[in-house]
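2 protein chains.
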Amino acid sequence: MAGTKSSRRLPKSQAREKAAGGPAIILVRPQLAENIGMAARSMLNFGLLDLRLVAPREGWPNEKAFPPSSGADEVLNSARVYPTTAKAVADLQFVYATSARVRDMVKTVATPETAARDIRTQANTGKKCGILFGRESKGLDNDDVALADALLMAPLNPAFSSLNLAQAVLLVGYEWYRSADNTPDKTLPIPKDTRPANKEELVQLFEHLERELDACGFLRVKEKRPIMVRNLRNIFQRAQLTEQEVRTLRGVIKSLAEFPRNRKKE
Amino acid sequence: MAGTKSSRRLPKSQAREKAAGGPAIILVRPQLAENIGMAARSMLNFGLLDLRLVAPREGWPNEKAFPPSSGADEVLNSARVYPTTAKAVADLQFVYATSARVRDMVKTVATPETAARDIRTQANTGKKCGILFGRESKGLDNDDVALADALLMAPLNPAFSSLNLAQAVLLVGYEWYRSADNTPDKTLPIPKDTRPANKEELVQLFEHLERELDACGFLRVKEKRPIMVRNLRNIFQRAQLTEQEVRTLRGVIKSLAEFPRNRKKE
Numbered sequence: 041m042a043g044t045k046s047s048r049r050l051p052k053s054q055a056r057e058k059a060a061g062g063p064a065i066i067l068v069r070p071q072l073a074e075n076i077g078m079a080a081r082s083m084l085n086f087g088l089l090d091l092r093l094v095a096p097r098e099g100w101p102n103e104k105a106f107p108p109s110s111g112a113d114e115v116l117n118s119a120r121v122y123p124t125t126a127k128a129v130a131d132l133q134f135v136y137a138t139s140a141r142v143r144d145m146v147k148t149v150a151t152p153e154t155a156a157r158d159i160r161t162q163a164n165t166g167k168k169c170g171i172l173f174g175r176e177s178k179g180l181d182n183d184d185v186a187l188a189d190a191l192l193m194a195p196l197n198p199a200f201s202s203l204n205l206a207q208a209v210l211l212v213g214y215e216w217y218r219s220a221d222n223t224p225d226k227t228l229p230i231p232k233d234t235r236p237a238n239k240e241e242l243v244q245l246f247e248h249l250e251r252e253l254d255a256c257g258f259l260r261v262k263e264k265r266p267i268m269v270r271n272l273r274n275i276f277q278r279a280q281l282t283e284q285e286v287r288t289l290r291g292v293i294k295s296l297a298e299f300p301r302n303r304k305k306e
Numbered sequence: 041m042a043g044t045k046s047s048r049r050l051p052k053s054q055a056r057e058k059a060a061g062g063p064a065i066i067l068v069r070p071q072l073a074e075n076i077g078m079a080a081r082s083m084l085n086f087g088l089l090d091l092r093l094v095a096p097r098e099g100w101p102n103e104k105a106f107p108p109s110s111g112a113d114e115v116l117n118s119a120r121v122y123p124t125t126a127k128a129v130a131d132l133q134f135v136y137a138t139s140a141r142v143r144d145m146v147k148t149v150a151t152p153e154t155a156a157r158d159i160r161t162q163a164n165t166g167k168k169c170g171i172l173f174g175r176e177s178k179g180l181d182n183d184d185v186a187l188a189d190a191l192l193m194a195p196l197n198p199a200f201s202s203l204n205l206a207q208a209v210l211l212v213g214y215e216w217y218r219s220a221d222n223t224p225d226k227t228l229p230i231p232k233d234t235r236p237a238n239k240e241e242l243v244q245l246f247e248h249l250e251r252e253l254d255a256c257g258f259l260r261v262k263e264k265r266p267i268m269v270r271n272l273r274n275i276f277q278r279a280q281l282t283e284q285e286v287r288t289l290r291g292v293i294k295s296l297a298e299f300p301r302n303r304k305k306e
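Residue numbers (the numbering used here), protein chains in the order written: chain A, 41 to 306; chain B, 41 to 306.
Just chain A, with the same shape it has in the complex (with noise of 0.2 Å):
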């Protein structure tokens, strides 16, 4: 996540297939080029590549959209400018405007993830689909909500509900981006190079480690032996063991048993 560029880059073609149907994301008004840039970077976080600006305060093409953006030329190159929202909205089918709070207007309310599922939706049946967000300092002006078809709202606190633009972009966009996505909730990923140990193996630790603690003396206490020899399975089962790791282990229990008949031949 923060400061790390990946190093495994998908071709454009492969990261633009993923980002089929994505919405426009439409800033009416944007006051300054950096947030436009910042906006541009949260886009393609998350695959989204159709920027369009309304009335951008100054100016576009502008260069200081670029550095804020890290990289995202892409996006920035291929920006759209329109003079109104009407204009910006035109061709698409459903709209959504993000809001910090409900309007004095009969509109449906939707989180993001809502909002997400329904774009994603509504894009698999051939539908287009936009997103608008207002100017920094005051968000959208009503007449531009009443051109959408829903509102966007994130739950925020309450007490401090001011998000940037490009965090709000980054919300949106990253809901979009997890509603097609199949990454699983966990996982414990293996290198390479080993696989998750076996109960064989794992069984020939526990013993080579009970084995050793006998002979030290450690399982003397004949009635407590079978508590303790389970509560140490239960340690090596909880930790989910790579057979490589439990080579490493009987490497220390060897190490260690042998230690006090090394210390003595010095």
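Possibly wrong hints are sitting among the right ones.
In silico DSSO-like links for lysine-lysine, alpha-carbon gap of 30 Å or less [stated by the list, open to error]:
hint: 1; chain 1: B; residue 1: 167; chain 2: B; residue 2: 147
hint: 2; chain 1: B; residue 1: 147; chain 2: A; residue 2: 226
hint: 3; chain 1: B; residue 1: 178; chain 2: B; residue 2: 168
hint: 4; chain 1: B; residue 1: 178; chain 2: A; residue 2: 104
Only some residues are given here: those of chain A computed to face chain B with a beta carbon under 8 Å [to be verified]:
hint: 5; residue: 85
hint: 6; residue: 144
hint: 7; residue: 197
hint: 8; residue: 202
hint: 9; residue: 210
hint: 10; residue: 218
hint: 11; residue: 223
hint: 12; residue: 225
hint: 13; residue: 226
hint: 14; residue: 227
hint: 15; residue: 228
hint: 16; residue: 230
hint: 17; residue: 285
hint: 18; residue: 300
Simulated from the structure, these hints should not be mistaken for laboratory data. Just so you know, even glycine gets a beta-carbon here, dropped at the ideal spot from N, CA and C.
Please build the complex by placing chain B on the supplied structure of chain A, with the hints as guidance.
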């Protein structure tokens, strides 16, 4: 969302209650004080308050962190500084390390959503958790990662997976907040001065419209009348009208229907 300060501030005590059990956010050797400020803003957006800094390069406290935090002073003022990662996590019982890539280590990898739920579950059983974030340029060292119980990796465009520090904190905070959030997926909020129309009001609207359309001749083709009536009724059913809107629409129909007569009078 973007650019909108909430007008409905919760008392701090209430925000604090919602945040109870939140993970410590540990920034390891952050390079720029501005980034610490932006990370604090992301934390407070989701009610996270426990900020820990390991050897911040520009020193601490640092005035440069405050403007980019957009008012998250309470997070910055209570931040604690540690000389090493080991000291920063000493009181914690479960630690995630954020990473943009799988390390050459045998370590569980979780998505932000899964990690957030896990932290919530652990907090509910009294465990203190923390999340490590690496420096802006290179992320966490492997020795820092080895102090963690598991890795936290966000699904990101593999062709452009570099998040800035505040954005990484934002995604994790968002998932933490979401893990206990009960915002409905989708709602249609109705202003207090009205209510959803009931079916009697709707049918009266339909019949008013159809009466006027019969009168003006729009429904004159007898075989087509039933399907046109059904289509028109479906349009207004879909709109989920309020009682106020039904009255507005009846006013619109009345006004349009009377218009030729009004004109004649002139």
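Against the structure, the hints:
1. B:167 - B:147: Distance of about 20 Å is within 30 Å: holds.
2. B:147 - A:226: Holds - the C-alpha atoms of residue 226 (chain A) and residue 147 (chain B) are around 10 Å apart, at most 30 Å.
3. B:178 - B:168: holds (27 Å)
4. B:178 - A:104: Since the Cα atoms of residue 178 (chain B) and residue 104 (chain A) sit roughly 25 Å apart, the hinted pair holds (cutoff 30 Å).
5. 85: holds (6 Å)
6. 144: At about 6 Å, which falls below the 8 Å cut-off, the nearest Cβ of chain B leaves the hint on residue 144 (chain A) intact, so it holds.
7. 197: Result: holds, 4 Å to nearest chain B Cβ.
8. 202: holds (5 Å)
9. 210: holds (5 Å)
10. 218: Where the cut-off is 8 Å and the nearest Cβ of chain B is about 6 Å from residue 218 (chain A), the hint holds.
11. 223: holds (5 Å)
12. 225: Constraint on residue 225 (chain A) satisfied, holds at 4 Å.
13. 226: Residue 226 (chain A) check passes; min Cβ-Cβ to chain B is 5 Å, inside 8 Å.
14. 227: This interface hint holds because 5 Å falls under the 8 Å limit.
15. 228: Holds, because the Cβ-Cβ distance from residue 228 (chain A) to chain B comes to roughly 5 Å (cut-off 8 Å).
16. 230: Cβ of residue 230 (chain A) sits 6 Å from chain B, so the hint holds.
17. 285: Hint on residue 285 (chain A): holds, closest Cβ of chain B at ~7 Å, below 8 Å.
18. 300: violated (30 Å)
The structure shown violates just one earlier hint, number 18.
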